[in-house]
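If you read the protein sequences in the order shown, they are chains A and B.
Counted from 1, the first sequence has number 17 at position 17 by the working numbering; the numbering is strictly sequential.
Counted from 1, the second sequence has number 311 at position 311 by the working numbering; the numbering is strictly sequential.
It is worth saying that the hints were derived from the structure and are not from the lab.
Some clues are possibly wrong.
To be verified - Computed footprint of chain B on chain A; a stretch qualifies when at least three of its residues, placed anywhere within it, have a C-beta under 8 Å from a C-beta of chain B:
| id | stretch |
| --- | --- |
| 1 | 29-42 |
| 2 | 54-64 |
| 3 | 79-86 |
| 4 | 90-104 |
| 5 | 112-121 |
Stated by the list, open to error - Which stretches of chain B does chain A cover? Using the computed rule of at least three CB atoms under 8 Å from a CB of chain A, they are:
| id | stretch |
| --- | --- |
| 6 | 117-123 |
| 7 | 137-145 |
| 8 | 169-181 |
Stated by the list, open to error - Below, a sample of chain B positions facing chain A; criterion: calculated Cβ distance under 7 Å:
| id | residue |
| --- | --- |
| 9 | A127 |
| 10 | E242 |
| 11 | G245 |
Every residue, glycine too, gets a C-beta built ideally from N, C-alpha and C.
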Amino acid sequence: MPPEPIDQSVLRVDDDGVTLLGGWSPTSGLRHFPRSPVCPFTGADDVEALDLPRTGRVWLQTTVTIAPPGYAGRVPYGLGIVELDGEPALRVVARLSGEGLGPGTPVVLDGEELPGPNGQPALTWVFHP
Amino acid sequence: MSEVRITGVGLHPFGRFDGLTGTDMGVTAVRAALDDAGVGVHEMQAAFCGTAYGGVAAGHRVLSALAGTGIPIYDVEAGCASGGAALQLGAASIESGQHDRVLVFGIEKMPKGIIRSSFFAPWQEAAGLSPAPAYFALRAQRLLSDTGLTVDHLAQVVVKNRRHGVANPDAMFRKAVTTEEVLAARMICEPLTLFMLCSPNEGGAAVVLERSDKGVRLAGISLRSHLPGNVLGEDSPLCGIEDSGVTPPTTLAAGDAYTQAGLGPTDVDVVECQDTDAARELLAWAELGLCAAGEQGAILAGDEAVIGGRLPINPSGGLLSKGEPLGASALGQVVELVRQLRGAAGDRQVERARVGLAHVIGRGANACVTVLVG
Numbered sequence: 001m002p003p004e005p006i007d008q009s010v011l012r013v014d015d016d017g018v019t020l021l022g023g024w025s026p027t028s029g030l031r032h033f034p035r036s037p038v039c040p041f042t043g044a045d046d047v048e049a050l051d052l053p054r055t056g057r058v059w060l061q062t063t064v065t066i067a068p069p070g071y072a073g074r075v076p077y078g079l080g081i082v083e084l085d086g087e088p089a090l091r092v093v094a095r096l097s098g099e100g101l102g103p104g105t106p107v108v109l110d111g112e113e114l115p116g117p118n119g120q121p122a123l124t125w126v127f128h129p
Numbered sequence: 001m002s003e004v005r006i007t008g009v010g011l012h013p014f015g016r017f018d019g020l021t022g023t024d025m026g027v028t029a030v031r032a033a034l035d036d037a038g039v040g041v042h043e044m045q046a047a048f049c050g051t052a053y054g055g056v057a058a059g060h061r062v063l064s065a066l067a068g069t070g071i072p073i074y075d076v077e078a079g080c081a082s083g084g085a086a087l088q089l090g091a092a093s094i095e096s097g098q099h100d101r102v103l104v105f106g107i108e109k110m111p112k113g114i115i116r117s118s119f120f121a122p123w124q125e126a127a128g129l130s131p132a133p134a135y136f137a138l139r140a141q142r143l144l145s146d147t148g149l150t151v152d153h154l155a156q157v158v159v160k161n162r163r164h165g166v167a168n169p170d171a172m173f174r175k176a177v178t179t180e181e182v183l184a185a186r187m188i189c190e191p192l193t194l195f196m197l198c199s200p201n202e203g204g205a206a207v208v209l210e211r212s213d214k215g216v217r218l219a220g221i222s223l224r225s226h227l228p229g230n231v232l233g234e235d236s237p238l239c240g241i242e243d244s245g246v247t248p249p250t251t252l253a254a255g256d257a258y259t260q261a262g263l264g265p266t267d268v269d270v271v272e273c274q275d276t277d278a279a280r281e282l283l284a285w286a287e288l289g290l291c292a293a294g295e296q297g298a299i300l301a302g303d304e305a306v307i308g309g310r311l312p313i314n315p316s317g318g319l320l321s322k323g324e325p326l327g328a329s330a331l332g333q334v335v336e337l338v339r340q341l342r343g344a345a346g347d348r349q350v351e352r353a354r355v356g357l358a359h360v361i362g363r364g365a366n367a368c369v370t371v372l373v374g
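Chain A extracted, bound-state conformation (with noise of 0.2 Å):
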């Protein structure tokens, strides 16, 4: 049984995985990511709830190595942005985990354990190759 989501309204976690609930507005065409009442790059009103491909490919990447406050996870960790399979494009921040992982390296979405705000277990997102 793994952990609950880290926070409720970014990611969903069922017997098909981790699942990033983005949004998506008809009136802009646009995707975002977390889901947000309006969409964020126009103010249309009319977003619907849209699940996010679990597959990208790596646009930026770094190490962190230091832990920054309020966070008691493993360090050194990878951390970057994925753009995400489909269109419209969208970019997505994420950990990042695997070596190689240069600019367009194909990468997937999976659940990383992390102790969570209340010290508790809980799951965020990773992709890797």
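Got chain A sorted already, so can you dock chain B onto it with the hints?
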């Protein structure tokens, strides 16, 4: 012609000061600014205090330590641009005719290490999504890949600013460094080493603004926020779309400030700009219109941005030398520029400086650009 002028400036050095509170440092800076202007606190008609971590009524605590004046005291928070926001509000209160003389100051006393900010939800912190240096690093990588600039150029920015900082007695770091030392320093987030990142710290800065025909003229000032779309924006979104064509807030603010001043980038003689990290300074040069994207390498190679060069940038040593006390940093830039425009900057004086530009950008994303004319 009677205009908004800066008639007094004061500073508490930026650094680490055990035993001193932010209030103490604010009092020092305000007293120095009042003395410089030759006025007393009872002659102030309003006060505007920039601070991000000062807590409730931080400005009131500083003024109360000087005298109970009964004047309105506004505490202003706009992340790294807090002091700029306070300055803009103070200037507007004079331009509107509401006041003739006001006090603007900024204070901060921050813990060591990576800045903690209530900007992020607790779950974002727990997920490791909040470290500012990581976002600086991603922005730096994009700059390098887009422009052909290299980590050597990032190191050269540090070398330049730290060399300038040697001559600034109010700076936290006053030792020059070499390119090799910068590159060999501890890697914080690839490609940024420890020396390429400024230190959050402590300090205070203050200015007296007056409707006057004497003093350094506040010719233009603008605070702007972000437009949507750029995942690398200082508003730190969790997603973005194609970012080409998204005008950064620095460019928006600079456009306003240049228009107000009736001046353009080619008129600027000296610049104090946000060097939270080395890449941020190089981005700012282009965003402020001081050069085209990709020209930064040639400017560095030609020593054009050093004191004595064509356009000295961060003659104070910048945040890389001074550290960044958030609420005080923008006003610290203004204090530096006023001294430069007065010809009173000592060993770091920029010759024949008439027009100065100050720039800050940070969490929010808030950017503030100020144009001063001596």
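What hint numbers does the structure not satisfy? As far as the earlier hints go, 8 and 11 are violated by this structure, in ascending order.
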